[in-house]
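**Student:** Assemble the dimeric complex from its two separately framed chains, guided by the hints.
As a plain string of letters, each chain reads:
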Amino acid sequence: AAGVIQSPRHLIKEKRETATLKCYPIPRHDTVYWYQQGPGQDPQFLISFYEKMQSDKGSIPDRFSAQQFSDYHSELNMSSLELGDSALYFCASSLSLGAGYTDTQYFGPGTRLTVL
Amino acid sequence: AQSVAQPEDQVNVAEGNPLTVKCTYSVSGNPYLFWYVQYPNRGLQFLLKYITGDNLVKGSYGFEAEFNKSQTSFHLKKPSALVSDSALYFCAVRDGGSAGGYQKVTFGTGTKLQVIP
Chain P
63 AAGVIQSPRH
73 LIKEKRETAT
83 LKCYPIPRHD
93 TVYWYQQGPG
103 QDPQFLISFY
113 EKMQSDKGSI
123 PDRFSAQQFS
133 DYHSELNMSS
143 LELGDSALYF
153 CASSLSLGAG
163 YTDTQYFGPG
173 TRLTVL
Chain F
290 AQSVAQPEDQ
300 VNVAEGNPLT
310 VKCTYSVSGN
320 PYLFWYVQYP
330 NRGLQFLLKY
340 ITGDNLVKGS
350 YGFEAEFNKS
360 QTSFHLKKPS
370 ALVSDSALYF
380 CAVRDGGSAG
390 GYQKVTFGTG
400 TKLQVIP
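One line per chain: the protein sequences are P and F, in this order. Numbers given in the numbering used here equal positions in the first sequence, counted from 1, plus 62. Numbers given in the numbering used here equal positions in the second sequence, counted from 1, plus 289.
Hints in this document: simulated from the structure, not taken from any laboratory. These figures come from a predicted structure and were not determined experimentally. All the given hints hold, so there is nothing to weed out.
In the BS3-like style, the derived pairs of lysine-lysine whose C-alpha atoms are separated by at most 30 Å in a straight line are:
no., chain 1, residue 1, chain 2, residue 2
1, P, Lys119, F, Lys358
2, F, Lys358, F, Lys311
3, F, Lys338, P, Lys84
4, P, Lys119, F, Lys338
5, F, Lys338, P, Lys114
6, F, Lys401, P, Lys119
7, P, Lys75, P, Lys119
8, F, Lys311, F, Lys338
9, F, Lys311, P, Lys119
Okay, chain F solo, but in the shape it has when bound (with noise of 0.2 Å):
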């Protein structure tokens, strides 16, 4: 089995100010991370990955994620939030090591992200 844990279920953090949105999982296989971000009313938007290779991921709008293998973690940040980047954001996992059946992505609860003017 497989899943996502996002401990916060929301963050406020000041414009300009770095942000961190925390993710931790449990996954039998190798980990296929993800980070979506929702905004309202809308549909999921790919942020970004990390499948095999360097432990920091760079996305799109300024955003990366650090896997840790030892802490079983994925969080996001951005060295400098904006306002536009309040939304929902989503924590997924896949288990890369087996084929077939188990290509389901299972997300976290999510986390809102408030970014404050």
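Here chain P stands alone, though its shape is the one from the complex (with noise of 0.2 Å):
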């Protein structure tokens, strides 16, 4: 079966460069959600999209922005990246139940982003 797609899987920028990774749901998943997990710790909820427009906020900086499109993969943008975003960034996708619910969120393999 078709799982999440995040590309690129490695990432090495220096400081204060930008950054974007990019998230390709499961075919037919309508909601994306971003997560970032630092070196020996769990995931952390930065953000999510449904239906191109953003569904909930989390843990997300103010450098960090994100956007869904029609075919409903999703970018994250990273801008004045520093020494502390060096981390796994996931990318989890799920469908719509309606009324605001939605299923099982099902992870990509992440995109390692490494800031020297």
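**Tutor:** This is the structure in structure tokens:
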């Protein structure tokens, strides 16, 4: 079965540079979530989108922004990168069940971002 | 607010023995509970979930979990551990009582399972 696709899988950037991470959800899934997992940490929710609209916001820094496109893929844009942004960034997707509820979240393999 | 506690950083079990990974939760509405497994340098894989119905939920790879409302627990179990089960296990909760903006999943800190040959 098709899974969530994330690109790139690995990314190395310098401080103060920008980065764009991409997420392609499971076909027919309309909701996308972004999580950040620091070394030895549990995943922390950043932001989510449903039908191209932001549906929830977590601990996402102001330097980061994200959007969901008409084909449901999502991009996480990160600017003025800091050393502390080095982490594994996961995207998850789910299917909306209506009335604001969603089904199980399925995770992609993650993008490992290293900021030097 | 919703939260998850995994009291054990690491669980060691001999191959062939039963295993239990503990999880307790706190949520204001109805709990939607999940277990995910993470292998080194890999993504999170969904194992099983509890939404409603039978308290004993069966999932992938022979794992099961028991929902206990009075103890607010959702412990992960397997009757006979395999070396290949060694990984990081995350319990997660979502508030099923609220729609819209309350769909994000909150994870526990993870429990490293080490199955000893």
